[in-house]
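Here's the letter readout for the chains.
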Amino acid sequence: MRRFAPILIVLALLATVPLVTSSNVVLNFLVVALLIALVGQGWNLLGGYGGQYSFGHAAFFGTGAYATAILQVHYGINAWLGLFMGIAAGALVGAVIGALSFRSGLKGSYFALVTLAFAEVLRIIASVAPITGAGVGTLIKLDLRPEAFQFQSRAPFYWIILAMVGLSLVLVRMIEDSRFGAYLVALRENEDAAQALGVNTTMVKLLAMTISAAITAAAGCFYAQYFLFIDAGIAYGPWISVEALLAPIIGGIGTVVGPLLGALVVKTLGEATKLVTGDAPGLDLVIYGSVLILVVAFAPRGITGILLDLRHRLVSRKPAAPASLGRGHG
Amino acid sequence: MLSSVILVPAVLNGLMTGAVYALIALGLTLIYGVLHIINFAHGALLTAAMFAAFFAHKLLGLDPYVAALGLTPLFFLLGYGLQRFVIGPAAHGEDRNILLVTLGLAVVIENALLYAFRADTRTINLPYAFDVVEVGTAFLAVPRVVAFFVVVAVALALWLIMRWTDTGKAIRAVAKEKRGAELAGIDVAHIYAVTFGLGTACLAIAACLLIPTYYVNPQAGNAFVLIAFTIVVLGGMGSVTGALIGGLFVGVVESLSSLYLGESLGQIGIFAMFILVLLFRPSGLFGERA
Chain A
1 MRRFAPILIV
11 LALLATVPLV
21 TSSNVVLNFL
31 VVALLIALVG
41 QGWNLLGGYG
51 GQYSFGHAAF
61 FGTGAYATAI
71 LQVHYGINAW
81 LGLFMGIAAG
91 ALVGAVIGAL
101 SFRSGLKGSY
111 FALVTLAFAE
121 VLRIIASVAP
131 ITGAGVGTLI
141 KLDLRPEAFQ
151 FQSRAPFYWI
161 ILAMVGLSLV
171 LVRMIEDSRF
181 GAYLVALREN
191 EDAAQALGVN
201 TTMVKLLAMT
211 ISAAITAAAG
221 CFYAQYFLFI
231 DAGIAYGPWI
241 SVEALLAPII
251 GGIGTVVGPL
261 LGALVVKTLG
271 EATKLVTGDA
281 PGLDLVIYGS
291 VLILVVAFAP
301 RGITGILLDL
311 RHRLVSRKPA
321 APASLGRGHG
Chain B
1 MLSSVILVPA
11 VLNGLMTGAV
21 YALIALGLTL
31 IYGVLHIINF
41 AHGALLTAAM
51 FAAFFAHKLL
61 GLDPYVAALG
71 LTPLFFLLGY
81 GLQRFVIGPA
91 AHGEDRNILL
101 VTLGLAVVIE
111 NALLYAFRAD
121 TRTINLPYAF
131 DVVEVGTAFL
141 AVPRVVAFFV
151 VVAVALALWL
161 IMRWTDTGKA
171 IRAVAKEKRG
181 AELAGIDVAH
191 IYAVTFGLGT
201 ACLAIAACLL
211 IPTYYVNPQA
221 GNAFVLIAFT
231 IVVLGGMGSV
241 TGALIGGLFV
251 GVVESLSSLY
261 LGESLGQIGI
271 FAMFILVLLF
281 RPSGLFGERA
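Chains A and B, in that order, give the protein sequences. Following the numbering used here, the numbering of the first sequence begins with 1 at its first residue and continues without gaps. Following the numbering used here, the numbering of the second sequence begins with 1 at its first residue and continues without gaps.
Pulled out of the complex, with its shape left as it was, chain A reads as follows (with noise of 0.2 Å):
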């Protein structure tokens, strides 16, 4: 128990910020950073754990996002029905690139370019596809009833996110504590040894990628159902690939709470150049990809590793950090 309490603390926390504040902005703005958040602990499980970087989790966000919106505008399905149908269509395909790709041995820079194909191959079908709306894109008919996922205030909107955020922080922590978590990082750090030691890696990063896939896939879902419209540029478009991994990243890679934190640095960062600049288009991507580069750079453990070595740096003065928490070095 000792090792959820933090996270539970955190979330106790953030869920009292509708309490507190009824202003649209302010939970605007965290409705989007959780949705950050909740992409990012996706990628974070392949990528930080599994160290298997894909350049293409749009795949599965889009994915869960279509089939929400198809699901509930062409077949008439109930919103909240159509969440755990776009969860699993999104766990979907990430089992089908997940199997194409590791049985072929793809990995490194092979996998990131094989999951960026299959996503750019999704948003070009998408945009031309007629159950889509093609270039027109798929509104979501308004219906302000809980029962249909949608909300008069965004309050409810943001207990949902962050609810579902809870759900991915424990559940990878619990996944960090188990056999499976002790697998994936040891292929991480050397997949040759781990195969050697009699870990099935294959499997194990199959299974990686599909949970990976169901938790990012989780958070297009609530996309679709908190906008009410998505295209394929918006879907399976490269901008949410880049958040998916820019989140971890400076968080802290391979870490609980990374992505949250990652997330959160991130759009605040973005909204800071809004406030400064106006609305420029461009300029607060200029910044993220700065930002990414100066982390990999410098901080090589996100914002989680500068903590750690302050917290060493000051209580103990050694300067170590706890094996499970960090990437090492790079």
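The hints are simulated quantities; they were obtained by calculation from the structure and are not laboratory data. These figures come from a predicted structure and were not determined experimentally. Accuracy of the hints is not assured; some may be wrong.
Derived, one-sided and incomplete: chain B residues facing chain A with beta-carbon distance under 10 Å [claimed, not checked]:
| id | residue |
| --- | --- |
| 1 | Ile98 |
| 2 | Leu114 |
| 3 | Gly168 |
From chain B, some residues computed to sit far from chain A (all C-beta separations above 12 Å) [to be verified]:
| id | residue |
| --- | --- |
| 4 | Glu110 |
| 5 | Pro127 |
| 6 | Glu134 |
| 7 | Lys169 |
| 8 | Arg179 |
| 9 | Glu182 |
| 10 | Asp187 |
| 11 | Ile245 |
C-beta: ideal position from N, C-alpha, C; glycine also.
Fit chain B to the given chain A structure using the hints.
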């Protein structure tokens, strides 16, 4: 349906387009062959080069073919600097970090261009842009024919550099055996940067060849680079011959598939080919087993 009146021009046009693809892929494969990294910033750098060629014409009135003479060394220096002072030091020698750094560079360059020039699509008007030459039954646009022969010349020049100059020999040595080259007194960091510079210089030439018939916007380079990735994977990562033949091949495939399937499905054809090759023959058709 397969009448040669349609087919021959489609194949010839495909070869002309494919030549420019091959040049872009050549830069990518050169960098991969020596540094063993996939440069995800390749597309953004191509876009930057296209903007440079565009403004060289717009502001200085330079013909793109003349501008190439200045832009090529300029982009060589840019590539050299990026590898020497950004990618190299930031990556701490880890492949995973290099992936992230080049991705970060791509995001920065592309969005800096978006911020500076907005999403507007720009074209330039040249007096000869619509001139054609007649080859048998086919009419070929002059800029594309020029592009084809320039690419052949560039490939030849690169081959000569690699074969006969000391730098070329050093590059080949580093590609083959980095540690050994280092022991023999070769400055590996310098050679890495030179290679990255050469790859980027290829992009400057490609941009000047593209701009007479193509448009530029902050995303313009991406379409080409995904094709270039396909070519490089098809031809075998690091294989120069593979990039050249693969480029021409993909150009023809694209031309034929958009003739028979339409524009957007033709694009999917390339991706499908890309994924299939990656999955079933990741070493490519010309490369050695990874």
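Quick rundown of the hints versus the structure:
no. : hint   : verdict
1   : Ile98  : 8 Å, holds
2   : Leu114 : 3 Å, holds
3   : Gly168 : 25 Å, violated
4   : Glu110 : 8 Å, violated
5   : Pro127 : 34 Å, holds
6   : Glu134 : 35 Å, holds
7   : Lys169 : 27 Å, holds
8   : Arg179 : 20 Å, holds
9   : Glu182 : 21 Å, holds
10  : Asp187 : 22 Å, holds
11  : Ile245 : 20 Å, holds
Figure legend: structure checked against the earlier numbered hints; hints not met, in rising order: 3, 4.
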